[in-house]
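Engineer: Chain residues, written in single-letter form:
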Amino acid sequence: MGKKSQLQMNETVFVVFLIMIIIFLGLVVYSRFQELNILEKSKSLRSLNVIESTHTISFWPELDCSDVRVSEFACLDIVKLKVLGEFIDQSKQSDKIYAFNYYYDQLKKSKITVTEVYPLNTSVLGETYWILWDNPGTKKTTDYILVPVNLFDPFTGRYALGIMELQIYE
Amino acid sequence: MNNFEDMNDMLGKPGCESKAQRVQKAQRTQRAKNAQLEMIGLVIIVIIVITALLIFLVYKLSNPTKNIQRIYMNDEIATNLLLSMNRVNVEECPGTKLEELMVDCARPTPSMHCSDYTSCEIASQTVYRILNSTLFAWGMSFRFSAESQYRGGVFMTFDNRNCTSRVKEKIAGFALLSLYPIDGSVEMKLEICTKR
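Just so you know, the sequences run in chain order A and B. Sequential numbering from 1 applies to the first sequence in the working numbering. Sequential numbering from 1001 applies to the second sequence in the working numbering.
By construction, these hints were calculated from the structure, which means they are not laboratory data. Take the hints with a grain of salt, since some may be wrong.
Said to hold, decoys possible - Here are the simulated lysine-lysine pairs, DSS-like style, with alpha carbons at most 30 Å apart:
1) K80/A <-> K108/A
2) K4/A <-> K1168/B
3) K1033/B <-> K3/A
4) K1097/B <-> K82/A
5) K96/A <-> K108/A
6) K111/A <-> K1170/B
7) K96/A <-> K82/A
8) K82/A <-> K108/A
9) K1025/B <-> K4/A
10) K80/A <-> K1025/B
11) K1060/B <-> K43/A
12) K111/A <-> K96/A
13) K41/A <-> K1168/B
14) K43/A <-> K1170/B
15) K92/A <-> K82/A
16) K96/A <-> K41/A
17) K3/A <-> K1025/B
18) K41/A <-> K1060/B
19) K43/A <-> K111/A
20) K1189/B <-> K4/A
21) K1170/B <-> K41/A
22) K1168/B <-> K43/A
23) K3/A <-> K1019/B
Claimed, not checked - Covered stretches of chain A, going by a simulated chain B footprint (3 or more residues, C-beta under 8 Å):
24) 46–55
25) 85–98
26) 104–113
Note that CB positions come from ideal geometry on N, CA and C, so glycine has one too.
Produce the entire structure from the sequences given, and follow the hints as far as they go.
Structural biologist: In structure tokens form, the structure reads like this:
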């Protein structure tokens, strides 16, 4: 083989090698972006799940403050809230596991709390702070939603202002 | 001329270029030209690759993915907080809701009084207490305003973290309360600035 041919062969090998490196780098960059896209998509799906849950809870017949069967917008009855919270809590331990399973289908691994902020701005469990659902998962995510709601006391007929917080676990 | 060159070749006179030398020179020049062309081609490819990468990066950076959860939450807060705060019973005025005080305050001549305070003072204090334990406490950037034609425009305003009209990205919630039996209404607006 002549010297010129050897040089040309070397050149070809070098070019092929360079192209392969460029393709490899392109694949690495592409896979990295794909990975980020997938992570973003999963986050967005989780967010949609949180939104759906929040929306459902805001209009749950188990909690809404109805007056002569007319539901009010974003309003929770504090008596219903207390009763439902206790019922769900008991269902985890006793033979009422069917109730836990029913709510698990809707709320999964999450924590839902309601706190009164006006007129009282304290956190006394059962009085101004209620835990509706507490089923922690392995890892706490940053996904949480705060929704202002009215808290209606059917005994006094007074409306207070509360914040419903929904946290999602992985 | 050719005969003269041939003669030079034959004589091999120093200082004069032979035909072979000129051919070699021409070949070298051609090779250099080819190398230059290849270099230009390589540079063009590199420029195209860099431009494509830059376009991709600029596109990615200028279109950040929207956090739908955050948008939803801000929207819920802006709307629900206004509607919910209007319905609360004011502590200082037993049996009176905040919306009643706001309506009275927005009228040409406010008439309600609670514990020696006017409806405007109590309403303002209540709104501040609510905002203080929610939006102020969460460190959110917002602007709350209440407007009435009888009070010369905006008569109540609270804001936090420089949420001005110049901010482009904001989510707003509105609540309109009728001033019945007189004409007009009071417009309550809560704007939440998402980016300053």
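Engineer: Take the hints in turn and mark each one as holding or not.
Structural biologist: Here is how each hint holds up against the structure:
no. : hint               : verdict
1   : K80/A <-> K108/A   : holds (21 Å)
2   : K4/A <-> K1168/B   : violated (66 Å)
3   : K1033/B <-> K3/A   : holds (21 Å)
4   : K1097/B <-> K82/A  : holds (24 Å)
5   : K96/A <-> K108/A   : holds (17 Å)
6   : K111/A <-> K1170/B : holds (29 Å)
7   : K96/A <-> K82/A    : holds (18 Å)
8   : K82/A <-> K108/A   : holds (20 Å)
9   : K1025/B <-> K4/A   : holds (18 Å)
10  : K80/A <-> K1025/B  : violated (100 Å)
11  : K1060/B <-> K43/A  : holds (18 Å)
12  : K111/A <-> K96/A   : holds (20 Å)
13  : K41/A <-> K1168/B  : holds (26 Å)
14  : K43/A <-> K1170/B  : holds (23 Å)
15  : K92/A <-> K82/A    : holds (16 Å)
16  : K96/A <-> K41/A    : violated (37 Å)
17  : K3/A <-> K1025/B   : holds (20 Å)
18  : K41/A <-> K1060/B  : holds (15 Å)
19  : K43/A <-> K111/A   : holds (18 Å)
20  : K1189/B <-> K4/A   : violated (81 Å)
21  : K1170/B <-> K41/A  : holds (24 Å)
22  : K1168/B <-> K43/A  : holds (26 Å)
23  : K3/A <-> K1019/B   : holds (25 Å)
24  : 46–55              : holds (count 5)
25  : 85–98              : violated (count 0)
26  : 104–113            : violated (count 0)
The structure fails hints 2, 10, 16, 20, 25 and 26 (numbered hints given earlier, in ascending order).
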